[in-house]
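S.K.: One-letter residues, chain by chain:
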Amino acid sequence: MSSLARVREVYERVVDLEGPDRERVLREVCGADGALRSEVEALLRAGQDAQSFMENPPSAVSLEELAAIASTDSGTFRKGEKFGAFTLLEPLGQGGMGVVYMAEQDRPRRTVALKLIRSPFLSPQLLRRFEQEAQVLGLLRHPGIAQIYEAGSAPGPDGRVQPYYAMELVRGKPLIAFANERGLGVRDRLQLFSLICDAVQHAHQKGVIHRDLKPANILVEDAEATTGRSFAGTTSTTSGPQPKILDFGVARITGSDIAVTTAGTDVGQLVGTIPYMSPEQVRGDVHGIDTRSDVYALGVVLFELLTGRLPYDVKGKTIAAAAMTITNEEPTSPGRIIASLRGDIETIVLKALEKAPERRYQSAAELASDVRRHLADLPIIARPATTAYQFRKFARRNKALVGGIIAAFVLLTAGVVGTSIGLVRARSAQRLAEQRESEARIAARTAENSEQFLISMLSAANPAVSRNREMTVRELLDEAALKVDAQLAEEPAVAFRTRLALARTYLSIGAFDQAQAQIDAGDALAVRLYGDVSVEHSLVLSVLCEYYQSRSMITEALPVAQRSLDIRAALLPPDDILVARAEYALGRLQVSAGKYSEGLPRIRTALGIMEKHGGVDAITYASELASTLRRTRKAEDAKEADALLESTLQRARALGPKGGAVTSAVLLNVASLHERRGDPKKSKEMVLEAIQLREAFYPPNHPNILYARLALVRSLRANDEPAEARAQSDALLEPLRRVMGPDAAILSDVLRERAHACMESHDLDCALASIRQAVDMLHDKTPFVFQSTTLTILAEVHMARNEWNDALVACDRALDTARARKVPLSMMHVTAQYRAKCLLKLGRGEEALAAVDENLAGLPVVDETLAARMEVSAFKAEILDSLGRATEGQALLRSVIDQVHNAGDADWTAELLEQLAKSCDEAGDSAGAAQARERAHSLAKPAGEP
Amino acid sequence: MSDTTAQTEVTRVLHAIAKGDARAHNELLPLVYEELRKLAAARMAQEPAGHTLQPTALVHEAYLRLVKEEDAKWQGRGHFFAAAAEAMRRILIERARRRGRIKHGGGHGHVSVEDFEPGGSKGSPEELDLLALDESLEKLKKADPRLERVVTLRFFGGLSVEQTAEVLEVSERTVKRDWEFARAWLFREVSGTGENAGGGS
Chain A
2 MSSLARVREV YERVVDLEGP DRERVLREVC GADGALRSEV EALLRAGQDA
52 QSFMENPPSA VSLEELAAIA STDSGTFRKG EKFGAFTLLE PLGQGGMGVV
102 YMAEQDRPRR TVALKLIRSP FLSPQLLRRF EQEAQVLGLL RHPGIAQIYE
152 AGSAPGPDGR VQPYYAMELV RGKPLIAFAN ERGLGVRDRL QLFSLICDAV
202 QHAHQKGVIH RDLKPANILV EDAEATTGRS FAGTTSTTSG PQPKILDFGV
252 ARITGSDIAV TTAGTDVGQL VGTIPYMSPE QVRGDVHGID TRSDVYALGV
302 VLFELLTGRL PYDVKGKTIA AAAMTITNEE PTSPGRIIAS LRGDIETIVL
352 KALEKAPERR YQSAAELASD VRRHLADLPI IARPATTAYQ FRKFARRNKA
402 LVGGIIAAFV LLTAGVVGTS IGLVRARSAQ RLAEQRESEA RIAARTAENS
452 EQFLISMLSA ANPAVSRNRE MTVRELLDEA ALKVDAQLAE EPAVAFRTRL
502 ALARTYLSIG AFDQAQAQID AGDALAVRLY GDVSVEHSLV LSVLCEYYQS
552 RSMITEALPV AQRSLDIRAA LLPPDDILVA RAEYALGRLQ VSAGKYSEGL
602 PRIRTALGIM EKHGGVDAIT YASELASTLR RTRKAEDAKE ADALLESTLQ
652 RARALGPKGG AVTSAVLLNV ASLHERRGDP KKSKEMVLEA IQLREAFYPP
702 NHPNILYARL ALVRSLRAND EPAEARAQSD ALLEPLRRVM GPDAAILSDV
752 LRERAHACME SHDLDCALAS IRQAVDMLHD KTPFVFQSTT LTILAEVHMA
802 RNEWNDALVA CDRALDTARA RKVPLSMMHV TAQYRAKCLL KLGRGEEALA
852 AVDENLAGLP VVDETLAARM EVSAFKAEIL DSLGRATEGQ ALLRSVIDQV
902 HNAGDADWTA ELLEQLAKSC DEAGDSAGAA QARERAHSLA KPAGEP
Chain B
1243 MSDTTAQTEV TRVLHAIAKG DARAHNELLP LVYEELRKLA AARMAQEPAG
1293 HTLQPTALVH EAYLRLVKEE DAKWQGRGHF FAAAAEAMRR ILIERARRRG
1343 RIKHGGGHGH VSVEDFEPGG SKGSPEELDL LALDESLEKL KKADPRLERV
1393 VTLRFFGGLS VEQTAEVLEV SERTVKRDWE FARAWLFREV SGTGENAGGG
1443 S
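Taken in sequence, the protein lines are chains A and B. Okay, so the first sequence: first residue is 2 according to this note's numbering, each after it adds one. Okay, so the second sequence: first residue is 1243 according to this note's numbering, each after it adds one.
Since the hints were made in silico from the structure, they are not lab data. Certain hints may be false.
Unchecked claim - EDC-like mimics (lysine to aspartate or glutamate), calculated; alpha carbons at most 16 Å apart, straight line:
(1) LYS1418(B) with GLU56(A)
(2) LYS1418(B) with GLU13(A)
(3) LYS207(A) with ASP291(A)
(4) LYS683(A) with ASP643(A)
(5) LYS682(A) with ASP721(A)
(6) LYS842(A) with GLU804(A)
(7) LYS919(A) with GLU935(A)
(8) LYS174(A) with ASP223(A)
(9) LYS1418(B) with ASP17(A)
Please read all numbers here as calculations on a predicted model, not as lab measurements.
Just chain A, with the same shape it has in the complex:
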């Protein structure tokens, strides 16, 4: 055989030659070496034929393929390669923990299943623990358990240490597939299942819990296969098929046994596992896991083995939703799927599936024994009804608790995941921007770890732990906030996102101090980890902005929003979602500050960017743009707004049920528009529809449902249904207190509405009680607007009750607050007017006069304040009258009448003319009075009438 070098040499010499030349050179060079010559000639022919060979690049890979392959380290091994004391033969597959190879062990010489565990972060301590625990697992010897031979770690081809364990190689079929292929009947299936229970019981006796039992982890070997080979001395004496359980106890040492598992496991890989997890596992309640968790999983396996279905439908649900289903809902009865399962079998399955471990079979042996009793037609031990009844009673009693916790959970995770995904997108577009670590992985991991952290929070609300106490969202958050430091000390990036989520959620329930503390702590982390010109810092600034905004501190919010936008604009592509968000936030603030000309274009820009990215954000933005346009009071804007709202609502509705959240938000927006337009009926319809959507979309008592119900209270009032409004607010108060906590800001909103509703239905006692409760909730961090509104309503109620002193005190308190906050008096003119009225009623005319003068002085002379100025002036005329300065008063009133008349408000003009007439009467000027009444009369005729 010629060496390649020699062949190549000849090839190169002749490849460019033609016909006789090539022939000549070949003869010269090769001489008698026929082999060399034919070799070269073959290659020359191949070169001719290979023109299109490897011309096209390899075919495209899908992202899923890439992720799946690159996520296992299998690519770094090649067939026949050595790994520790093993020779890798071929990959068998991959699972959540890593890749499995069929491998040949050197000593003892045997073929094994070798699992290489993917775990990017391994400390020597962890490795040691892993090896120690694996030794314990090695002690499990049972024909129904695939034996773990050894575990350890060895350097992989890349030089990095890779943990592994070697397990008995089982050549069987997965449980369900086996049963189906053999066409096993119910009895055979039960028989097979009882063998599985035996194996589990054996392990439990040795103190090992499986923690990840599922049909895919149970292989069934044929009788022949079992007897034909011998593994480590385990000889099978059974004659039928032998189930073998894989990975016994492995879940714990690799940490993949609770709902959101270790770093690096993605949510998708959990999907196959969650349906088999017990309630204590999905809650992440590590300490609650015991052998009875395996009994639960066995129950699910039996359910699936008999019915082909799972007891709960968790397909396509998020982890949070699946967790909620598993913890709260009753499983489907097997008998409803297959009627013949009714009776004993159903009772057995349901007992294994009890939510509370103490209600399940207490051991796998008990379960097996009941199955065998049934097979032997003996009465089973399990009794249905009563136990289930008791648990259901408990669950009902704690429904609000469960709802509240889930609500908090959804709020939190939504925030965390939202920002992370945004960030990933931003980064991939950024491409070359400075990166710390692997952003995508970090972001994904942070989201998961935050979720894991929160799930572990849920375990704190485990009914067993807090049986006598109902946790509110607030308490849950406080607990989470306390634990961030201790539990996430090693994961500052996760801590950062968790704090951000906490801050947002605190804001949503109006706990401003707590929100601020989280924002500060989060920002410190962001700046330390990423610097102060970073997307992360800008994320904090956004939350800070929300904080200021919810405290109505627009002036403070504006520069923060600007800074956030500047940072993102500098770091990210101009059409990035995060840039759009910042534009939107700044735009909205500017609009709130009355700067429409600056704010509107920003909202438009943000909407433009969002439209490119599609999705629900664009709909939200469009709806916001529409309501902003309504506020400019320009006719053309109003027109655009109406059209925009109409089309936005259509787009939202087209999303169907999955768009419930955004559709309901648009509906509420449209509803308030109708209300302002004086169509309260239409408004109410939309609010009702929004509530319906939210009730279908969110878990019971989710804050967003409660917010929509508050809108209903308002709408009912606008519809002149004060009794119904009051009833609705009554029904709202109780769940709000339980879910949001007794201090939640939204409570005072409801109380204010309730006070109004009571006043409108002439129940002044109820009005006073409500508004007093609202006042009691005020504290110095309460946003100013709410303070002043609440106190002003208190004054109103007192005035309605003729309690002028109390009313005066309320007004003074409201005005003092305004002064302390340096709020311009113009914003308080209604309260100031009330105050003047109180003073006048109390016979303190001079003070009342001073009060209105002060009020007038505070009102800038612009069109927008005309009505306010006229109202105050008319009242000033009344005061002047009472002070015996009627001439002055009447002169003032006349000028007011002219201005109101010019503004086109005929009704009001008539009212004022009547006031003038009365004043003239009192002054004995009957001619003046008659003249005023005459004018009022002529005004009362509609313009078109003759």
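Once you have looked at the hints, place chain B on chain A.
M.R.: Structure of chain B alone, referenced to chain A:
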């Protein structure tokens, strides 16, 4: 969070390689895998399910994401591309293996193990047999390592003749000649007309 970022990690490894630390080569490959994982995760957040990418484009994107342009000298880039091309080769081989396994019905019951779903795009009939190519490449590598590198860089890494020449520090002409020869040799191997040509020695 650790202080060493992926970027500086790569830079460090590239420097070590430049200084002749052969072991550093082994460290580069996992970093590239890591990068491809991240890249896939990031793109999956943006793209619909089943979205496909050209492997060669992926290599370049991974490079752009990881290495700052001003950071790495061409020398370092070469090593990076070599590792990336190798990673891509392994990934494509693994995919071919998996598809093959699925086609032939699997047979091994080890299914603790979510069976891999092919991402929609089945190999086209005229698509070349990557597994056979891979085997032949290994053979070629034993006989002439440079030929194998040229093929891996060009075919799996998508590098141009010019880029390949710079990575391997040879002339473009050499790359062209190597490519032509290797292609002929591999074609003969893969199409089964050759008997163990040129192995050994």
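S.K.: For every hint, state whether the structure bears it out.
M.R.: Going down the list of hints, with the structure as the test:
no., hint, verdict
1, LYS1418(B) with GLU56(A), "holds (13 Å)"
2, LYS1418(B) with GLU13(A), "holds (12 Å)"
3, LYS207(A) with ASP291(A), "holds (13 Å)"
4, LYS683(A) with ASP643(A), "holds (14 Å)"
5, LYS682(A) with ASP721(A), "holds (10 Å)"
6, LYS842(A) with GLU804(A), "holds (10 Å)"
7, LYS919(A) with GLU935(A), "holds (13 Å)"
8, LYS174(A) with ASP223(A), "holds (9 Å)"
9, LYS1418(B) with ASP17(A), "holds (13 Å)"
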